[in-house]
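Trainee: Here are the chains, one letter per residue:
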Amino acid sequence: MDILAKERKVRELESKILELGNDEIISKLRQEIENYKQEAMTNLTAWDRVLLARHQHRPVASEYIAYLCDSFMEFHGDRNFSDDKSIIGGIGIVNGTVVTIIAQQKGKTVEENLIRNFAMPHPEGYRKALRLMKQAEKFRRPIITLIDTPGAYPGLGAEERGQGEAIARNLLEMSSFTVPIIAIVIGEGGSGGALALGVANTVMMLENAIYSILTPEGYATILWKDASLASKAAEVMKVTSYDLEELGIIDRIIKEPLGGAHFNKMETFKNTKLAIVNELQDLKQFTGIELRDRRIEKYRNYGFFQRFNYDNLKGVK
Amino acid sequence: MNDLIKAFENRKSSKKQIKIARTKSQISSAKIDVPVGLYEKCPTCKEPVNTKTTIENNFICKNCGDHFRVRAIDRIKITSDSGTFVEKGHGYITLNPLFQDGYEEKVAENKEKTGLDEAYIYGYCEINGISSVIGVMDSYFLMGSMGSVVGEKVTKSFEYAMYKKLPIVIFTASGGARMQEGIFSLMQMAKTSQAVLRHSEMGLLYISVLTHPTTGGVTASFASLGDITLAEPNALIGFAGPRVIEQTINQLLPEGFQRAEFLLEKGFIDAVIHRNEMKTTLGKLLMFHRRFQ
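As they're listed, the protein sequences go chains R and S.
For the first sequence, the positions run -9 to 307 when the numbering used here is used.
For the second sequence, the positions run 536 to 828 when the numbering used here is used.
Same shape as in the complex, but just chain S (with noise of 0.2 Å):
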């Protein structure tokens, strides 16, 4: 009983947390690549940006159109009609099933970093005025990796889809499967998968957009298994990660592998889209997809 009370005062305290960094990230997003203040560098190019310009922008850099990360809630923003966005799946609490050391403190670091409950939120939104299910992976809590909760939230994603009859969205950036959950976080695999198979059998349209980055457990499940794949210029996209690549074969990776051209010249995703014109493809898509009676 102690431990459900315990567990009701976190969540209250981290629904505290959400609101504020809410609505920091009104004022000042992407705060990790982009940090507060008038100018930044970019990664990439290295030229000195203006933050705010930056974010105008769409969190692409004004100087080598290189695309930031962006965190869940701002994607949300940039993606959906203003003010439609309801979100679904609340109060998921994260478990540390094998008893790991400094998992729990971990979580709750990430929890506070970035404001939110896990590394995927999802809920009710529209798209150009078409209704969707929105849903988006945070590459900021612990690296977007897919533990229980991540994985029963993609689940619950597409149930509730199922359920109103509506097409699915899904920005996904992760690096894979949880370690720390270990064999739970293996499962979800095929959790996700059979959620994305009921949800077809219903005669809906599910969107997988790529996002830099998405490799391992998640490539292997939900990711690769939309209606329509779209990507984002120069993510990384892949099973194995770069490194584990070149440990493997001893040699180092030739330019641009794995990142989203590359995919499509393979034929493994339907378009790349810049991020400018996300919204307007995902419009015209859904658009695309309703029924004709």
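This is chain R alone, in the form it adopts within the complex (with noise of 0.2 Å):
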């Protein structure tokens, strides 16, 4: 049984709590349907976690920086082709501090997802990402960026627009800012397409989001030739933020309430909150070169290999 099934089995005992009047019932269904949570959605697989980063209720960028800005304005277009809806970009204010916000948005209707493309962006989106960050660095504001996208739009405008060409940009342009730069993976974090967002100084997962090279599905059908295997592949992917964190790619986990952000959203957004302000104010006490070269030492530290030293026969780098 996965998260789902049990996500629905909750939700059938809370509707027949409602059917009944008698108190004493009440109370001791309640006790019943938190123990059955306790139990059933604690120790999840990672499968588990994939379905829940997809899940339709899980809360959207836009709802997050409701929650987090005190007022929040949005910017349009890369002044070069176009407005990608998949990505929102703009100023707020985080606890008294002025930050530079974008993120990947979700929809939350089907009618909405079509206008958002599933959080899936064109070049022009990264484009705008890339423009909002140079004012960000330009007037020395934080930027926070929340991830959440299956991964970058595989099509043919893209393609003709440079979609590789936008990520790189992105990548490199990142790494020269002199500002601080938070990355949230608030969902999925798929691939290149998430990773153009991601270059920061300080990189945090929700505890139920994901941060792959690609799709589970994708990777099995690559690796094994069978999509059903999907559930396997996130297996040995390690894409959970448990994984990630232990493997070093992250830096720091925002917990989510029982069962998954959806069933406290408030939770899950004071926790991320309390997670930014905290690093914002870690991030202060270094100047705008150290926050550039730390960055820079961050990435150019990743990779898992062995080197043979000639010139000294006796160790291993």
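Check the hints yourself; a few may be wrong.
Claimed, not checked - No farther apart than 20 Å at their CA atoms in a straight line, the calculated lysine to any residue pairs in the SDA-like style are these:
| no. | chain 1 | residue 1 | chain 2 | residue 2 |
| --- | --- | --- | --- | --- |
| 1 | R | 215 | S | 637 |
| 2 | S | 623 | R | 298 |
| 3 | S | 623 | R | 297 |
| 4 | R | 215 | S | 678 |
| 5 | S | 691 | R | 283 |
| 6 | R | 215 | S | 776 |
| 7 | R | 98 | R | 255 |
| 8 | R | 124 | S | 732 |
| 9 | S | 691 | R | 295 |
| 10 | S | 612 | S | 591 |
| 11 | R | 215 | S | 635 |
| 12 | R | 128 | S | 736 |
| 13 | S | 623 | R | 290 |
| 14 | R | 222 | S | 636 |
| 15 | S | 623 | R | 296 |
| 16 | S | 641 | R | 296 |
| 17 | R | 215 | S | 781 |
| 18 | R | 215 | S | 779 |
| 19 | R | 6 | R | -6 |
| 20 | S | 691 | R | 287 |
| 21 | R | 215 | S | 636 |
| 22 | R | 124 | R | 72 |
| 23 | R | 6 | R | 24 |
| 24 | R | -4 | R | 47 |
| 25 | S | 641 | R | 212 |
| 26 | S | 641 | R | 295 |
| 27 | R | 222 | S | 635 |
| 28 | R | 215 | S | 640 |
| 29 | S | 641 | R | 214 |
| 30 | R | 124 | S | 735 |
| 31 | S | 801 | R | 159 |
| 32 | S | 801 | R | 146 |
| 33 | S | 691 | R | 291 |
| 34 | S | 641 | R | 211 |
Just so you know, these hints were derived from the structure itself, not from any lab.
Two chains, two frames, some hints: make the complex.
Mentor: Now the structure itself:
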């Protein structure tokens, strides 16, 4: 039974409560549900977390922004081609600090998702993000990015307008900024499309978010020629926040309520805000150049390999 | 400790293989596209072509002008002045960070097949008498995919160029990030991009030459960030693979989509250069960028 089936059972039990009148039975049932949740929704498998990261009720970027910012103003367009609605960007105030926020926006309904292109950005989206980040650099505002995308959009127009170049340019420019950058994976972090907003001083992940080189389905198709092995792929790919923290890819995990972020959105937002405020405070101690150097050094050191040192045959680096 | 000894022994044996393979490649190169034999069939025009003539013709089909894929070592041979290439960055050992079944065997198999340590080699060379760093990806090694070692070596090649204050020329040929190394491969995109940034900030030249095929994570990182971007005729260059796009949009792609000429028209590369003129062009570009002072 995967996490979605368990969740359905919880919902079923909850709806039963409403039909009953007796207070005593209600409180007893409530307790039962609570116990079941405790039992069923801890120790999630990697595939459970993939399902949670894609959950249709999972909070989307705009909801986070509404909670995080006292006043947020969105800006549109990349000044070259058009405005990509799968990325929203703007300026807001988080706990008294003016910040630039860039976020990949999923839709809540099918219609909205069609407008948002299921949060799969085109090159103009990345170029809009870059334009706003360059402004943040100019006016010395910290940058916060919220990552939630299955990947950059693979389509005709995207290729014609240089999807690869747009992502590469973002990776390069984000390495060069001298303002603090905080990236938070709030849902799916899919491949280069996610990394293009993810070169940051601090990379955080929500507990049930995933971050991977491609979708587990894609991985199973490429390596095992069978998309139905996706749940096994999720396990071996190390996509969950706990795995990635262990591998040293992310810096911090933001806790979610039991059962996933959608069970108690306010708590999720509160935890996220707290983490951002803390990290901003931490990054304040560094000068611009230090921030930049630390970011470059951080990404310089990623990799898992051995090197044989010929000069000194005693050691392997 | 046992691991270290084992690694060293592997290294020793693989070094032997390199020697053998390289002498072989000097005799009859490109054995995969144009297998050893007097006459071979060109994959594009299906006409029989003389193997020896093809090799002499820089691995271009005499009949239809199709550019065959070239192994890294042969690419260096046809690009740099003979005898000037010095390989740098030896001794990297690919590991299996996510404990994938069969990955180590696959790497070993490809090492044997190509005689290379990994899908990328770099070093010092001279092109038409001008010193430069040259880096070449080999698409015969696991499709030239970028894992931890390739990412590290690409970064190192930029750092070597920075240290020597030299321009760098990179020939890319890659299917993208290496899936078997998962998130580590993804991080190589950021790593190589910041290497380009640091090299560029020293005021040094980076020429990126896109050859068939360059897709995925390599296109979306250092391959697209050259000061000058060249490509070989009819090379497949793109972010998403053609099959993925076809599945997404549910229709067939137009003829010539994602080819070098298409990208030239859309404004993403500076020029499409025939392989026979590549060396002259690179020499000219390096000459253009010699310092005034």
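Trainee: If a hint holds in the structure, say so; if it does not, say that too.
Mentor: Comparing the hints with the structure gives:
1. With a C-alpha separation of about 15 Å, the suggested pair residue 215 of chain R and residue 637 of chain S falls inside the 20 Å cut-off, and the hint holds.
2. Distance hint between residue 623 of chain S and residue 298 of chain R is fulfilled; the C-alpha atoms sit about 13 Å from each other, no more than 20 Å.
3. Proposed proximity of residue 623 of chain S and residue 297 of chain R is supported: the alpha carbons are some 13 Å apart, at most 20 Å.
4. Distance hint between residue 215 of chain R and residue 678 of chain S is fulfilled; the C-alpha atoms sit about 17 Å from each other, no more than 20 Å.
5. Restraint check: the Cα-Cα separation between residue 691 of chain S and residue 283 of chain R comes to about 17 Å, which is no more than 20 Å; the hinted pair holds.
6. Note on residue 215 of chain R and residue 776 of chain S: the hinted pairing holds, with a Cα-Cα distance of about 16 Å set against a maximum of 20 Å.
7. Straight-line distance between C-alpha atoms of residue 98 of chain R and residue 255 of chain R comes to about 14 Å, which keeps the hinted pair within the 20 Å bound.
8. Straight-line distance between C-alpha atoms of residue 124 of chain R and residue 732 of chain S comes to about 16 Å, which keeps the hinted pair within the 20 Å bound.
9. Restraint check for residue 691 of chain S and residue 295 of chain R: satisfied, since their Cα atoms lie roughly 14 Å apart, inside the 20 Å limit.
10. A distance of roughly 12 Å separates the Cα atoms of residue 612 of chain S and residue 591 of chain S; the hinted pair therefore holds under the 20 Å criterion.
11. Proximity of residue 215 of chain R to residue 635 of chain S is assessed by CA-CA distance (about 15 Å); at most 20 Å being required, the pair is judged to hold.
12. Taking the CA atoms of residue 128 of chain R and residue 736 of chain S, the gap is about 19 Å. The hint holds against a cut of 20 Å.
13. For the hint pairing residue 623 of chain S with residue 290 of chain R, the CA-to-CA distance comes to about 19 Å; that is within 20 Å, so the pair holds.
14. For the given pair, residue 222 of chain R sits about 13 Å from residue 636 of chain S by alpha-carbon distance, which is consistent with the 20 Å threshold.
15. Under the criterion of a C-alpha separation no larger than 20 Å, the hint pairing residue 623 of chain S with residue 296 of chain R is consistent with the structure, at around 16 Å.
16. Distance check on the hinted pair: residue 641 of chain S and residue 296 of chain R sit about 18 Å apart at the alpha-carbon level, within 20 Å; holds.
17. Note on residue 215 of chain R and residue 781 of chain S: the hinted pairing holds, with a Cα-Cα distance of about 18 Å set against a maximum of 20 Å.
18. Our distance criterion of 20 Å between C-alpha atoms is met by residue 215 of chain R and residue 779 of chain S, whose separation comes to about 14 Å.
19. A hinted pair counts as satisfied when its Cα atoms are at most 20 Å apart, and residue 6 of chain R with residue -6 of chain R qualifies at roughly 18 Å.
20. A distance of roughly 14 Å separates the Cα atoms of residue 691 of chain S and residue 287 of chain R; the hinted pair therefore holds under the 20 Å criterion.
21. Restraint check for residue 215 of chain R and residue 636 of chain S: satisfied, since their Cα atoms lie roughly 15 Å apart, inside the 20 Å limit.
22. A threshold of 20 Å between alpha carbons decides the hint, and for residue 124 of chain R with residue 72 of chain R the separation of about 18 Å falls inside it, so the pair holds.
23. Distance hint between residue 6 of chain R and residue 24 of chain R is fulfilled; the C-alpha atoms sit about 14 Å from each other, no more than 20 Å.
24. With a C-alpha separation of about 15 Å, the suggested pairing of residue -4 of chain R with residue 47 of chain R holds against the 20 Å cut-off.
25. At roughly 15 Å between alpha-carbon atoms, residue 641 of chain S and residue 212 of chain R fall within 20 Å of each other, so this suggested pair holds.
26. With a C-alpha separation of about 16 Å, the suggested pairing of residue 641 of chain S with residue 295 of chain R holds against the 20 Å cut-off.
27. Simply put, residue 222 of chain R and residue 635 of chain S have alpha-carbon atoms about 12 Å apart, close enough for the 20 Å limit, and the pair holds.
28. Proximity of residue 215 of chain R to residue 640 of chain S is assessed by CA-CA distance (about 19 Å); at most 20 Å being required, the pair is judged to hold.
29. Our distance criterion of 20 Å between C-alpha atoms is met by residue 641 of chain S and residue 214 of chain R, whose separation comes to about 14 Å.
30. The suggested pairing of residue 124 of chain R with residue 735 of chain S holds, with an alpha-carbon distance near 18 Å, which does not exceed 20 Å.
31. Taking the CA atoms of residue 801 of chain S and residue 159 of chain R, the gap is about 17 Å. The hint holds against a cut of 20 Å.
32. Between the alpha carbons of residue 801 of chain S and residue 146 of chain R the distance comes to roughly 12 Å, so the proposed pair stays at or under 20 Å and holds.
33. At roughly 12 Å between alpha-carbon atoms, residue 691 of chain S and residue 291 of chain R fall within 20 Å of each other, so this suggested pair holds.
34. About 18 Å separates the Cα atoms of residue 641 of chain S and residue 211 of chain R, which keeps this hinted pair within 20 Å; it holds.
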